[in-house]
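Trainee: Okay, here's what each chain looks like letter by letter:
Protein chains: 2
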Amino acid sequence: MRCVTTNRDKYVKYINPRRGYADPRYLNVNPIQRGGILTEEAKAALLEWCDGYSVCDFCPPQTPRLDKIANPPISEFYRDLAEFLGMDEARVVTRCREAKFITFKMLGKAGDYVVLDSLAHYSSYLAAELSGLRVKEVPNSGYPYYKVNPEDYALKIEEVIKETGKPPALALITHVDYLYGNMVEASKIAEICHQYEVPVVLNAAYTAGVSPVNGKELNVDVVVSSGHKSWAACAPTGILAMNEEAAGRILKPSAIEGDVTRRSFKFKEVALLGCTVMGAPLVSLMASFPYVAKRVQRWSEEVEKARYVVEQLERIDGFRQLGLRPKMHTLIHMESASLYEVSRKHKRRGYFLYDELKSRYIVGIQPGLTKHFKFNVYGLSWDQVKHLVRSFHEIAEKYGIEVR
Amino acid sequence: MRCVTTNRDKYVKYINPRRGYADPRYLNVNPIQRGGILTEEAKAALLEWCDGYSVCDFCPPQTPRLDKIANPPISEFYRDLAEFLGMDEARVVTRCREAKFITFKMLGKAGDYVVLDSLAHYSSYLAAELSGLRVKEVPNSGYPYYKVNPEDYALKIEEVIKETGKPPALALITHVDYLYGNMVEASKIAEICHQYEVPVVLNAAYTAGVSPVNGKELNVDVVVSSGHKSWAACAPTGILAMNEEAAGRILKPSAIEGDVTRRSFKFKEVALLGCTVMGAPLVSLMASFPYVAKRVQRWSEEVEKARYVVEQLERIDGFRQLGLRPKMHTLIHMESASLYEVSRKHKRRGYFLYDELKSRYIVGIQPGLTKHFKFNVYGLSWDQVKHLVRSFHEIAEKYGIEVR
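Here the protein sequences come in this chain order: A and B.
If you read the first sequence in this note's numbering, its first letter stands for residue 151, the second for the next number, and so on.
If you read the second sequence in this note's numbering, its first letter stands for residue 151, the second for the next number, and so on.
Bear in mind the hints are in silico, worked out from the structure with no lab data behind them.
Some clues are possibly wrong.
When chains are identical, the list treats them as one kind, so a pair holds in a single copy or across two.
In silico lysine-lysine, DSS-like type, Cα no more than 27 Å apart, as pairs [what the hints assert, rightly or not]:
{"hint": "1", "residue 1": "338", "residue 2": "286"}
{"hint": "2", "residue 1": "521", "residue 2": "418"}
{"hint": "3", "residue 1": "418", "residue 2": "444"}
{"hint": "4", "residue 1": "366", "residue 2": "495"}
{"hint": "5", "residue 1": "259", "residue 2": "316"}
{"hint": "6", "residue 1": "366", "residue 2": "416"}
{"hint": "7", "residue 1": "508", "residue 2": "218"}
{"hint": "8", "residue 1": "416", "residue 2": "521"}
{"hint": "9", "residue 1": "416", "residue 2": "259"}
{"hint": "10", "residue 1": "521", "residue 2": "508"}
{"hint": "11", "residue 1": "536", "residue 2": "312"}
{"hint": "12", "residue 1": "338", "residue 2": "536"}
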């Protein structure tokens, strides 16, 4: 054996503590972090269920599958989760991207197309690639609004039909994108896709768990989401909710059989590889769920904060919010030409903004960026929102940028 | 919104606390749980890194990938992990079964065969099925030893060649199986497979992290293991370690490209869907790693405990250890015809054994079983081992079974 056996300090030093990020004085406005902060209930549950596959001690031997565990109430949670999202069946998987992969793999055949919006997250493309699917992108309107036009889904479906003689295996809608925080007209897109009998997957990574999302009302077949992004849960947790028809195809039982032993595993769901999140992160998701189910009702106030921040930051000369207006989501992308001008002469170059924000206990905007940057105000108190705005105003004034 | 929004107690009541299982007076001898108990360092790290994708705050923007994060030292950990397992590259994925799926998917083509031993875990079959592979099973000798004969891998490879005109895409070796805790002669099997140029995957879910496993010495191409089973980490964590050649094929970069945006993601590893365990469970694995690297050196003492338990339990009339003798692993499968006889007349039927053990603070043997059952003594102190043995002797005597 080697150095790792003795160099215990190397790991412990770095791993614990998480420096400024865990310090409650800091606001972390990283777009991916605002919806994933654990509740106190989740933290308590985490320590209780941290060991290995803790929940598997309670797996029923006759129906051995994660979703059949009654105590802790995983089985009931899955039913609640499906109902909460307006769908018929739900499973917790290891990541939203895995939920997409599972859906693509089970609803598509190698070589099929998936039509997706051009603001889709990279993991949507990788999920398609790993499933052997090809992609057709629905364009967006580009700078400064980046709008996805629902009717363009029809054009891309037609393009697939022209090329292959049949509609795409499915369509993916990014409910709110990672770049501009634009919300698309999901139900309109779903209606268009369904006219071609194309099943629709809603990527609700940035919406479900923070805002009300009802798959039935939006008329989609599958809703996927991210527990660590938007459900106050630990990574890695993904949510896969389906209507009955999609569930029948996605949760297909295993059909493989051993040639010698004749063993088969018909009770196991093949695309889930049997079981998925067998411990702590699932329990964190469950423990936070009552809180999450409540917080989505306060979404309009969150949007109000986002609009307030945009209005106040656009008072700074050279600032302009990119993406659709008015904001319908708390992820904000800001163009900031004036800060870029400062950075060109500053000895810390673009890092000056990071330094200035950090000295005001604000972190999570990508270090080095000034020309444009994104952040998320979800879950900030009004006091914190005002501190954020005041900080930007102070920084602007410090560098001689006008605040109107 | 519905009842879940208000019924907070329903979840909290069941989730916290974990009843007897978290009570330190209880010994949990469930075969899958002994190697997954967290260290104190891992628990501390868990709370520090519990929020959402906590480690992603430290992702380098120019090389955005989990394995490139330097602080916390994920990058260095992956190198240490590879070296610890005698391999060239390592990744942490969400489960051992996902590591198998990734390997099968990237080393095989749909319709190819994988040759595996007939004691392989069900998830090995599902990983093959999801990858579109077929299986050929290497038989075992059956009751009472269930021995897998290394030479039989050659017979199955020949069978595949005869059927398809080419060797299987790969061979899987279950290093120690979940049922009898038999250890196979991995290096001998690998040598046979390599004579046919078949790449070899070692499923070390029950060995790596508790005992010394060196993929290079065993001459295998890929080692997969389970963090929550054997590395003192939270679920879901899987380990995927590869030699250079296998890594080149398994960690293939994404090649998909958007037809409109021309976006591509060449820096992302497609079969990993980019990133995998982006938070708490990974950090728990890292925090426990120095301890794990040390504990594998004490493996011979763990085996000694297993042999002692077998010797002492076989003093009970009707008890017989199944699987290979002498024990080379701490997972023990015991036949116990005499307890079964008791159960036939007991008003609690097979559950009497569970009740008797629980009253002695021993849990983890499947409730209801008496004819034969399995358990794991890994990591028990000698005092605990003796308590386990004494408990069985007491139970036997209480029901009039002779203890020689």
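Trainee: I'd like to know which numbered hints this structure contradicts. Please list them from smallest to largest.
Mentor: Of the numbered hints given earlier, those the structure breaks are 3, 4, 6, 11 and 12, listed in rising order.
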